[in-house]
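**Student:** Residues per chain, in single letters:
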Amino acid sequence: MNLSVNFSALRDAKWQQFALRFLFGGAICVLAGVIADKYGPAAGGLFLAFPAIFPASATLLENEQKEKKEKVGLHGTIRGRKVAGVDAVGASMGAIALGVFAAIVWKLLPNHSAGLVLLGATIIWFAVSVAIWRTRSLMLHSFNRRKTQRER
Amino acid sequence: MCAFAAIGDVLKPKSFAGLFGAAPSVALATLYLTISSKGKIYAATETRSMIAGAIVFFVYATFASWLLMKRNASSLVVTVSLMPVWLVISFGLWFLLLR
Numbered sequence: 002m003n004l005s006v007n008f009s010a011l012r013d014a015k016w017q018q019f020a021l022r023f024l025f026g027g028a029i030c031v032l033a034g035v036i037a038d039k040y041g042p043a044a045g046g047l048f049l050a051f052p053a054i055f056p057a058s059a060t061l062l063e064n065e066q067k068e069k070k071e072k073v074g075l076h077g078t079i080r081g082r083k084v085a086g087v088d089a090v091g092a093s094m095g096a097i098a099l100g101v102f103a104a105i106v107w108k109l110l111p112n113h114s115a116g117l118v119l120l121g122a123t124i125i126w127f128a129v130s131v132a133i134w135r136t137r138s139l140m141l142h143s144f145n146r147r148k149t150q151r152e153r
Numbered sequence: 005m006c007a008f009a010a011i012g013d014v015l016k017p018k019s020f021a022g023l024f025g026a027a028p029s030v031a032l033a034t035l036y037l038t039i040s041s042k043g044k045i046y047a048a049t050e051t052r053s054m055i056a057g058a059i060v061f062f063v064y065a066t067f068a069s070w071l072l073m074k075r076n077a078s079s080l081v082v083t084v085s086l087m088p089v090w091l092v093i094s095f096g097l098w099f100l101l102l103r
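Each protein sequence line maps, in turn, to chains A and B. First residue of the first sequence: 2, per my numbering; consecutive thereafter. First residue of the second sequence: 5, per my numbering; consecutive thereafter.
Hint data in this document are derived by calculation from the structure and do not stem from the laboratory. Small disclaimer: the values here were computed from a predicted structure and weren't measured. Hints may be right or wrong, so weigh each one.
Said to hold, decoys possible - SDA-like, lysine to any residue: derived pairs with alpha carbons at most 20 Å apart:
#  : chain 1 : residue 1 : chain 2 : residue 2
1  : A       : Lys15     : A       : Asn3
2  : B       : Lys44     : A       : Thr123
3  : B       : Lys18     : A       : Arg80
4  : B       : Lys16     : A       : Gly77
5  : A       : Lys70     : B       : Lys18
6  : A       : Lys83     : B       : Val84
7  : A       : Lys39     : B       : Arg52
8  : A       : Lys69     : A       : Ser9
9  : A       : Lys39     : B       : Leu37
10 : B       : Lys44     : A       : Pro111
11 : A       : Lys70     : B       : Lys44
12 : B       : Lys42     : A       : Ile36
13 : A       : Lys83     : B       : Arg75
14 : B       : Lys18     : A       : Ser9
15 : B       : Lys18     : A       : Lys108
16 : A       : Lys83     : B       : Ser78
17 : A       : Lys70     : A       : Lys83
18 : A       : Lys69     : A       : Arg80
19 : B       : Lys44     : A       : Ala115
As the list claims (entries may be wrong) - One side of the interface only, derived from the structure: several residues of chain B facing chain A at Cβ under 8 Å:
#  : residue
20 : Ala27
21 : Lys44
22 : Asn76
23 : Thr83
24 : Ser85
Claimed, not checked - According to the in silico footprint, chain A covers these stretches of chain B (three or more CB under 8 Å from chain A):
#  : stretch
25 : 14-24
26 : 29-41
27 : 57-71
Note that beta-carbon positions come from the ideal geometry of N, C-alpha and C, so glycine has one too.
Just chain B, with the same shape it has in the complex (with noise of 0.2 Å):
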């Protein structure tokens, strides 16, 4: 996780850095002790869901750059109000489609 995050506090421009925002860190380190523990069809049903967490992330990052951008929103207003976003379109997609 801190690999990323440092990867992506050296980097410019900062849209190329900002790439580092959405990388996998938590799914590595989850998928790791999910596979140790649980196995690997486990992890894999997990990843699956995944693919729709990735679609909300990428919602939820568009507007916040919208916000940031058009509105002059703060950055920390912005990225926590849109949390709960993330978690009802994400719980969405899952209880009708994945569950």
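The following block holds chain A by itself, in its conformation from the complex (with noise of 0.2 Å):
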């Protein structure tokens, strides 16, 4: 499956659907640390991996394929909610690559830059997310292969 980017959809978004998630995002940082001050931080530590931004975006993605379909005239209730699904499996991907840099960074802040295993253990979560989904994505090609030569 090839990849693309439509730069278009940036001048399509609309300035709220980013402070919506910046909004979101921003109090569960506050959440994490009001936890943290209260129960210490391995209760804290959890809200870091929350599921902060993928609703907002989930939701935002449903009604613009909603939207799209509307306009040309056609119902798009059933494609919206398919099209954040796939979203929301590729939000499944990266959640195992967040463990990836979770652990990383409590196996490496101690003793190292804070600034290089940040840094570091980003690029990491993106080359497993990556990994992970190009992995899933030649899985699914070589079973829908056999599929197809199965039912000739």
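Make one complex out of these two single chains by using the hints.
**Tutor:** Right, dumping it as structure tokens:
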């Protein structure tokens, strides 16, 4: 499956969409701090992997797909939900990589430069995410090809 | 946070863009503030719990994708109603293993 970048999506995006995600993400940062102060860093740390941005992204994606279909006179609710579901599959793969990010920071942060550890862990998060996504795509492709051959 | 969100918005296919829904954006912002105020050891302790949070995020997103694709449920309803599930499982793991 080929990757593509659609910059026009940024032109079409409303500033409220980014503001909503920024506000919700910021609120989770504050909540993590408050819980860490009250119950300790082990409890507060859970919120570093809270699904803060994903709900807004999935909802906006569903609405965007729905609007697109409605513009050409079609009912796009089902299509919108399916696309949001595909987005959620991606988030589940990103979550595995998020665990790897956390493990790297946990092990390396006490004895190394904080900036380098955070930068390195973010790069590794991206690399692991892409590797999982690519492996899944190849497996799906291979499964579909075998299924088609069996049906012939 | 907005940078990761913007990257997710412009990429296709959406399964790839979805990776950015689990980007460490909140973690980076929170860890930066924690390291500045409380030091690296305190922040490292937080990231140990973050591993448990990430495992629960995986369960959350997998269940959400199933509900969206197979049950045709609304994104807003699914993602918001599953948040208490994330909270309960995460705090359960914290209570049993990390406290």
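**Student:** So, for every hint listed, does it hold in this structure?
**Tutor:** Here is how each hint holds up against the structure:
1. Lys15/A to Asn3/A: 27 Å, violated
2. Lys44/B to Thr123/A: Given that 20 Å is the threshold and the Cα spacing comes to 17 Å, the pair holds.
3. Lys18/B to Arg80/A: Distance of about 13 Å is within 20 Å: holds.
4. Lys16/B to Gly77/A: 19 Å, holds
5. Lys70/A to Lys18/B: At roughly 17 Å apart (the allowed maximum being 20 Å), Lys18/B and Lys70/A satisfy the hint.
6. Lys83/A to Val84/B: 17 Å, holds
7. Lys39/A to Arg52/B: With Cα atoms ~18 Å apart, Lys39/A and Arg52/B stay inside 20 Å; holds.
8. Lys69/A to Ser9/A: 14 Å, holds
9. Lys39/A to Leu37/B: 17 Å, holds
10. Lys44/B to Pro111/A: Holds, because 6 Å separates the two Cα atoms, which is no more than 20 Å.
11. Lys70/A to Lys44/B: Measuring from Cα to Cα gives roughly 50 Å; hence the hint is violated.
12. Lys42/B to Ile36/A: The given pair, whose Cα atoms are some 14 Å apart, holds under the 20 Å limit.
13. Lys83/A to Arg75/B: Cα-Cα ~10 Å, so holds.
14. Lys18/B to Ser9/A: Holds: Lys18/B and Ser9/A sit about 15 Å apart, inside 20 Å.
15. Lys18/B to Lys108/A: With a Cα-Cα distance of about 32 Å, the restraint between Lys18/B and Lys108/A is violated, given a limit of 20 Å.
16. Lys83/A to Ser78/B: 10 Å, holds
17. Lys70/A to Lys83/A: Answer holds: Lys70/A to Lys83/A is near 13 Å, not above 20 Å.
18. Lys69/A to Arg80/A: Holds, at about 10 Å.
19. Lys44/B to Ala115/A: Holds. Lys44/B to Ala115/A sits at ~7 Å (cutoff 20 Å).
20. Ala27: 7 Å, holds
21. Lys44: Holds: closest Cβ of chain A sits about 5 Å from Lys44/B, inside 8 Å.
22. Asn76: Cβ of Asn76/B sits 6 Å from chain A, so the hint holds.
23. Thr83: 3 Å, holds
24. Ser85: 10 Å, violated
25. 14-24: Answer holds; 11 residues pass the 8 Å Cβ test.
26. 29-41: holds (count 11)
27. 57-71: holds (count 13)
Of the numbered hints given earlier, the model fails hints 1, 11, 15, 24; all others are met.
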